[in-house]
Amino acid sequence: MSTDLPPFEHLDPIALANARARGKRPYFFRDADVERVLSITMALAMEHAVTRQRLDALERLLEARGVMSRSELDAFAPDAAAEAERGRWMQEYIARVLRIVQQDSEAKRHAADGSDASMESVSDELRNS
Amino acid sequence: MPNAPAPPSWRHVGRHAVFPESGADDTARFDFLANLNAFLSQQLLPRVRDAYEQRVKPEFERTRGQPPQSRHDVRKAMASEPVYQTWSALRRSSMEMRQQAGRALVFRQLPALVQRAAALNAGSPMLQLDPAVEVPRYASAVDIHCMPGGYHTEYVDDDVAAAANYDCGIFATTGGMLGRYNDGGGQAIAKWLGEAHPQWQPRRILDIGCSLGHNTLPVAAAFPQAEVVAVDVSAPMLRYGHARAQSLGVSNVLFRQARGEALGYPDDHFDLIVTSMFWHETSATAMPRMLAEIHRMLSAGGLTLHLEQPQYTGMDPYEQFIRDWDTWNNNEPFWGVMHEYDLKAMMAAAGFDPASYFEAKLRGIVDESIFPSAGEKGEDYGRAALWTAFGAWK
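Those protein sequence lines, which keep their order, are chains U and D.
Count along the first sequence from 1, add 204, and you get the number used in the numbering used here.
Count along the second sequence from 1, add 1163, and you get the number used in the numbering used here.
Isolated chain U (complex conformation) (with noise of 0.2 angstroms):
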């Protein structure tokens, strides 16, 4: 029976995953900004979960084809090299996620000897000068 629904290849199956259920959303934080990056951070925290397990999954795989063993995943002893190269990683990762904390206390120095200046002042001072 024919109506007028699109044809599959209209179909956005990501949009769609992503579609709203219609009635008004409660939001129950104070701040309704601090809800949304909750809602962020969970879909992010299931996202690693899905990539402990996949890799779980491939540890288990691996050692029942006998390529290595798990105890040996767990008993891995980098060399001097490759532990520095680890470390560095860490530190580099840490550091990249928390990138933010790093430019707030930036603006604060900044701000402190006047060099933070806002974008409608300089504005205001280029339009004059």
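Where hints are given, some of them may not hold.
[Said to hold, decoys possible] Derived, one-sided and incomplete: chain U residues facing chain D with beta-carbon distance under 7 angstroms:
1. Gly227
2. Pro230
3. Leu242
[As the list claims (entries may be wrong)] Here's a subset of chain D near chain U, in silico, CB distances under 10 angstroms, partners left out:
4. Ala1191
5. Asn1198
6. Ala1242
7. Thr1249
8. Leu1273
9. Ala1304
10. Val1305
11. Asn1492
Calculated from the structure, these hints are not laboratory results.
Bear in mind the structure is a predicted one, so any value in this text is a computation, not a measurement.
We treat Cβ as the ideally placed atom computed from N, Cα and C, and that holds for glycine.
Fit chain D to the given chain U structure using the hints.
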């Protein structure tokens, strides 16, 4: 308090010919969600009650001179309690994540699902759709329990997306407690009838608001000689439900698109009329109208039985408030209204003898394939669910 065992992995969900094909990541996603729900319910919800008893209720009494009188008092007082806010925010977020996970699984393979359902449905007299059936306001005003598009929205011709999404997610949101095929409600009805009324053989059975028929099939299978009619307003649910039933080998169910208020069957036509988790998604005019129709269509000596969450009467304000969460926060706008009704009076108004009205607790069965009994150890990880039911004999 030590954690209870993790819910069974979604890998064990019962499959059939129209169930979506899935991979390791889908399993992991639903396992995360099942465990998140368990955490919220077992670890965090008790802290919400603690916060009420230790902070919110005493403060209310201090400022108002009396304890909270109603669930509305509790709800307003709890709105700014941080533990409740966190629990609520996580619970709502988890439902949205569940919908996204299910819809992503379904929409990436929708053409194949539609095709498989169509093949199982082609030419079958046991699927009767009617595009003239209007989806009632109570099913369309909001998207019920946060399912985007509700039960009825169709995205393509012969669509089954809403049903496939519903089917793949319940196992995670219920921690597998309804069994691999999510049919715990129907299993409980069949078990209760078999134990309480073992000689009784209904000839014609009606299930109103069947959605994808998961609770219809155990009842139909318990009475293989019976003619079973399962009605719903949603075409995608019925297409999927019929195909699923064919695939699972239950062939005595007619899936029909119709509104419960106007089914058109003659008087005294059905021996058994059931609903499962249905009334809280209707309305103040639809429910009495449908109950009156049920009375009319039920044969003399027939039974009508309804699985629902228990009514609020007799519960303390805090318990009512927690049970009422879904009304305000899970797109279940009629839930709170329905759970305040005097069901005995409503059944009497529909024509049933008040003396024949009863309420019962139906014990579910434990699906041992996912909750193996621990045998001699004596621990029962597969605690059977208890279903509340109300009904009447005519």
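So, going through the hints one by one against the coordinates:
1. Because the closest C-beta pair between Gly227/U and chain D is about 3 angstroms apart, less than 7 angstroms, the hint holds.
2. Interface restraint check for Pro230/U: the shortest CB-CB distance to chain D comes to about 5 angstroms, inside 7 angstroms, so the restraint holds.
3. With its C-beta approaching chain D no nearer than about 6 angstroms, Leu242/U sits inside the 7 angstroms limit, and its interface hint holds.
4. Because the beta carbon of Ala1191/D sits about 4 angstroms from the nearest beta carbon in chain U, less than 10 angstroms, this interface hint is met.
5. Interface hint at Asn1198/D: satisfied, since its Cβ lies 9 angstroms from the closest Cβ of chain U, which is below the 10 angstroms cut-off.
6. The interface hint given for Ala1242/D holds, since its Cβ lies 8 angstroms from the closest Cβ of chain U, which is under the 10 angstroms cut-off.
7. Given hint, Thr1249/D at the interface with chain U, holds; its Cβ is 8 angstroms from that chain's nearest Cβ, closer than 10 angstroms.
8. At about 7 angstroms, the closest approach between the beta carbon of Leu1273/D and any beta carbon in chain U falls short of 10 angstroms, and the interface hint on this residue holds.
9. Given hint, Ala1304/D at the interface with chain U, holds; its Cβ is 8 angstroms from that chain's nearest Cβ, closer than 10 angstroms.
10. The closest approach between the C-beta of Val1305/D and any C-beta of chain U is roughly 3 angstroms, which is under the 10 angstroms cut-off, so the hint is satisfied.
11. The beta carbon of Asn1492/D comes within 5 angstroms of a beta carbon in chain U, closer than 10 angstroms, and the hint placing it at the interface holds.
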